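Starting from the structure of chain A, add chain B where the hints point.
Note that the protein sequences, when read in sequence, are chains A and B.
Residue numbers for the first sequence follow the working numbering, so the first one is 1 and each next one is one higher.
Residue numbers for the second sequence follow the working numbering, so the first one is 1001 and each next one is one higher.
A few of these clues could be false.
[Stated by the list, open to error] Using 30 Å as the maximum straight-line C-alpha spacing, the simulated BS3-like pairs for lysine-lysine come out as follows: (1) A:LYS915 / A:LYS856; (2) B:LYS1050 / A:LYS882; (3) A:LYS434 / B:LYS1083.
[Stated by the list, open to error] Here are the in silico distance ranges between beta carbons for each label pair: (4) B:THR1073 / A:THR219: 49 to 55 Å; (5) A:ALA168 / B:SER1092: 30 to 36 Å; (6) B:THR1075 / A:ARG967: 56 to 62 Å; (7) A:GLN165 / B:ARG1088: 34 to 40 Å.
[As the list claims (entries may be wrong)] Just some of the chain A residues that point at chain B, by a computed CB distance under 8 Å: (8) ALA251; (9) LEU254; (10) ASP704; (11) GLN743; (12) GLU745; (13) ASP886.
Since the hints were derived computationally from the structure, they do not count as laboratory data.
Quick caveat, the model's predicted, so the values are computed rather than measured.
Every residue gets a Cβ at the ideal spot worked out from N, C-alpha and C, and that includes glycine.
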Amino acid sequence: MNAWRTPDGGRIDRSQRRRFRFDGRGYEGFAGDTLASALLANGVHLVGRSFKYHRPRGILASGAEEPNGLVTVRRDAARVTPNLRATQVDLYDGLEAVSQNRWPSLGLDFGRVNDWLSPFFPAGFYYKTFMWPKSAWKSLYEPLIRRAAGLGIAPSQADPDRYAQCYAHCDVLVVGGGAAGLAAALAAADDGARVILCDQQSEFGGGLLALRGARIEGTEPGAWAERSVAALAKNPRVVLLPRTTAFGYFAHNLVGLNERLTDHLAQPEPRRARERLWQVRARAVVLATGAIERPLVFPGNDRPAIMLAGAAREFLNRYGVRVGARAVLVTAGDAAYAAALDLHAAGVSIAAIADLRPQANGILPTAARQAGIEVLTAATVLGTLGGLRVNEIALGRTDGSGEVRPTRRLRCDVVLMCGGYTPSVHLFSQSRGKLVWNEALQCFVPGRSAECERSAGACRGIYALGEAIEDGFAAGAAAAPANSGKRRRIAVQEAAASHDAFLGALPQMHLVSTDKAFVDWQHDVTARDLLLATREGFRSIEHVKRFTTTGMATDQGKTSNLNALAIVAAAVEAPIPEVGLTTFRMPYTPTSFGSFAGASRGDLFDPVRRTPLHEWAAAEGAVFENVGLWKRARYFPRHGESMHEAVARECRSVRAACGIFDGSTLGKIEVVGADAAEFMNRLYINNWSSLGVGRSRYGILCRDDGFVYDDGVVARLAADRFHVTTTTGGAARVLAMMEDYRQTEWSALEVWLTSTTEQWAVIAVQGPNSRRVLEGLVDGIDIGPAAMPHMAVAEGRICGVPMRLMRVSFTGELGFEVNVAADYGLAVWRALHAAGAAHGICAYGTETMHVLRAEKGYIIVGQDTDGTVTPDDAGLNWAIGKTKADFVGKRSLQRASMRAATRKQLVGLQSRDGKTLLEEGAQLAETAGQVPPMRLIGHVTSSYFSAALGRPIALAMVAGGRAREGRTLYVPMPDGDVEVEVTSTVFYDPSGARVHA
Amino acid sequence: MLLIDCPYCGERPEIEFAYGGEAHLERPPNPAELDDQRWAEYLYMRSNTKGVYAERWRHARGCGRFFNALRDTTTDRFLASYKVGEPRPQLSPPAGPAA
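Looking at chain A on its own, in the form it has when it is part of the complex (with noise of 0.2 Å):
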């Protein structure tokens, strides 16, 4: 038994234990606790230390807000999870959690040291003194202050469990399961709707699950919710998600909740996922997320056992915990009353209520003085003490005037405050709603919705039990789809309360108190260090967030931005609403990123296309690279060969004999229709109608604004059809560039376009002994080169199977591109690898094909060209359809700028001293030895080393690079200037005579 725990009543299941470790220590809770309640039952407030003064801290808080007790929870080496909420982790049997941020133990942590140097870290710090000697910087400031900082410490492996993802569409989406949330999802449900209803919690109800004394309906607040749950269950319409957090509010009433499946198990079954994330579009959201208790700021308010009024009754409430024996309370209103007269008769001494107000006569402090507890107003706090808990604290009395003198010193062994209550707004405003300050409450609520939304009871400030419950149904039957309008009066008995608020540094007698008043607990920021941001010249609350940080852990603030926010706002002298609020930014609570990835990892971390001949290319032991999604073949080493080898024998095979290439990756749309050459007029630069049928041609597509988009072959099959080819990368967007302009502007065009890019495998074969290797295999075609010349191109049989041949070639060598039906493609592949043995055939890969098209001259658009090149510049002047009066890209290239000597254009270079490969991005300048900044000229776009040739050659684009040919220019690198002459960019059989053959 805890000692801390009550006899009876809670929400907890005492026949049930559950052992558990903190630190290394067993502790014993009982199923329904949390980590938190477990550990208070057992009498350990202690739970963490500060993120910048290792100050130690205890639970403050009961819920998500909690910003202390921040635990690592670990099950084995691979599952450990930093940064939960000790107030939000379910307690099973064998939950093993450590505290973080200290060391070498949380009694006894050497980083306190800071707290006392405090006053040489204010706010800013950072920014301030770590700006010299500048070497210092990535040698030994960043490294220290990476040690530092950060709360906990992240895994080191990979993450072995399993995230689910699902959509899900309702009628209306009830965030939050409190009172607000059941009254408004029993309204929708009745009302047929399709509902559902998340809550973050193990159990649905909220708040009613702490409260006592009230009754709904003549039962208590957690049977209400019991039944209320039991009846939402019941209706197949109903989804309702416990442990289920709203993290994000998006577009279009798309929310995003994140479901903890088996967090709160202790032998979760291994294959069942850990999370579900869900992304729901509702028509109607209604948002019930409540509000959150808001501390006081006074000094040395961060003590152990210092913790939030409602925070403590709900430990006693819902978790039959006493959070003390000695408690003084202080509140500006009269929530904490309620829990102090339910401390006192759980058998807390109360040694004081400290009002802030100057009278407090409600029933509420009442029902306090009959049951004998003293109740001191116009109070203030001016200290407390205490090493690892508090242990006393100094009270203080205001007059009319704002003097403060000193009253009483009281022992205790927990201080519960009371600020009032801030409304949980987060999505609310995530949503783009605009929120709105309301004085009476001293908070911000929501104002007008931008999505079809509506927020209900605490959330929008409506406090009281029986009113909460009503808004709910009101906005639940307004958000269904009948949208009934019904309301619902409900019997709901409860103390009426008046909730004044606090907001601020409570009042002290000197300006500077001597202990830290925070108002951040999670970021260590104090009042002080809001002072200085103010006193250095930052108005707006969002530079004075960022100088100090306030608001910027992963509690985001919530028991804080508002504090800081008067605190700023009496600094400048300005009413609240016009010092501004902080953005809220999902997620509401830390995130898994598990959860955002869910299959998407490893192999399935994205799309993987193989062409039809991978598997040959893979048994070959070719080593692939990733080009868009696909795996291409770069090269096929042997016998240990570098890259560098293997390549230099693939060229030298394919120059010399014959080599074969899978180009299936190319792209490939058919254009089809009685208008196809006319559309194909239209849109590529070059001239279709002079193209016969059996031919093809080097298409080049360019944008309107006259810049090449992509190239590639363009065959004609029949004068109605165009076998197109695009570039591998471009193919999804020339076919989307296309449907464009036949859809939207000449849709009177007969045409019609079709990918065919996975249809075809293509099989490039090419040398010089190319024809022989087919000549065995090709039915009805005759590919003589009188009857086949270069750039023909027909359809027949190879290997029996059907087959579009074009004769092209990106080698500069003879050579045909083999087409047949995907599932044919490696048996042909196979075929003619079998029958080029007699002729010295080779399987290349890119690397090798790149090299041989760069020899030639031959771009790669994306590569030699950068969406600012125009045909001319890349020297492809001569397919511009001389006389077509117009095509895409036409008019642009007739702009001066576009036709103006000096711009970049396509050269080659070559090293002086036929050595040195350039490096592909190098820059050139016009005169060597310069130092930077340099006037710079052009870059290498393209460079390899040449087997053919047996030195290096690199392609450049130059300004005004043609009229430069014979001409020197530098490339400065690291270690001095490389000398190149600019060439031709044809370094390889100018004459074409090889293609010819």
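Just chain B now, with coordinates in the frame of chain A:
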């Protein structure tokens, strides 16, 4: 994620669509007749409206069709979607707050 109403398929999530920029910009039938200034205006100048904007979308991962939509760029609310070739719909008085 936006919910976009394809006039052919109905409401679908944004990931199925590709954005196509401002709508109702017709490519001049005879670009050669335009001077540089007017051609540049066609190519580059967009109204970039704050408020109701007519824009093109393509249901790229669905039916593949281009269509036009009216979207309020300040709220991301879609006010209408319509087929290519149809005139821009006249909106009834300014849309009120979300229902």
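Results of checking the hints against the structure:
Among the hinted pairs, LYS915 of chain A with LYS856 of chain A is consistent with the structure: their alpha-carbon atoms are about 20 Å apart, no more than 30 Å. At roughly 43 Å between alpha-carbon atoms, LYS1050 of chain B and LYS882 of chain A are farther apart than 30 Å, so this suggested pair is violated. Between LYS434 of chain A and LYS1083 of chain B, the direct Cα distance comes to roughly 34 Å. Violation of the 30 Å bound is thereby established for this hinted pair. In this structure, THR1073 of chain B and THR219 of chain A meet the distance hint of 49 to 55 Å, their C-beta atoms being roughly 51 Å apart.
For ALA168 of chain A and SER1092 of chain B, the hinted distance range of 30 to 36 Å is satisfied, since their beta carbons lie about 33 Å from each other. For the hinted restraint 56 to 62 Å between THR1075 of chain B and ARG967 of chain A, the CB-CB distance of approximately 59 Å keeps it satisfied. Between GLN165 of chain A and ARG1088 of chain B, the C-beta spacing of about 38 Å keeps the proposed range 34 to 40 Å intact. Using the Cβ-Cβ criterion of 8 Å, the hint placing ALA251 of chain A at the interface with chain B is satisfied: the shortest such distance is roughly 5 Å.
Look at LEU254 of chain A: its Cβ gets to within about 5 Å of chain B, closer than 8 Å, so that hint holds up. Annotation: interface hint on ASP704 of chain A holds; nearest CB of chain B at approximately 6 Å, less than 8 Å. Interface hint at GLN743 of chain A: satisfied, since its Cβ lies 5 Å from the closest Cβ of chain B, which is below the 8 Å cut-off. Using the Cβ-Cβ criterion of 8 Å, the hint placing GLU745 of chain A at the interface with chain B is satisfied: the shortest such distance is roughly 5 Å.
This hint holds: ASP886 of chain A has a C-beta 6 Å from the nearest C-beta of chain B, less than the 8 Å allowed.
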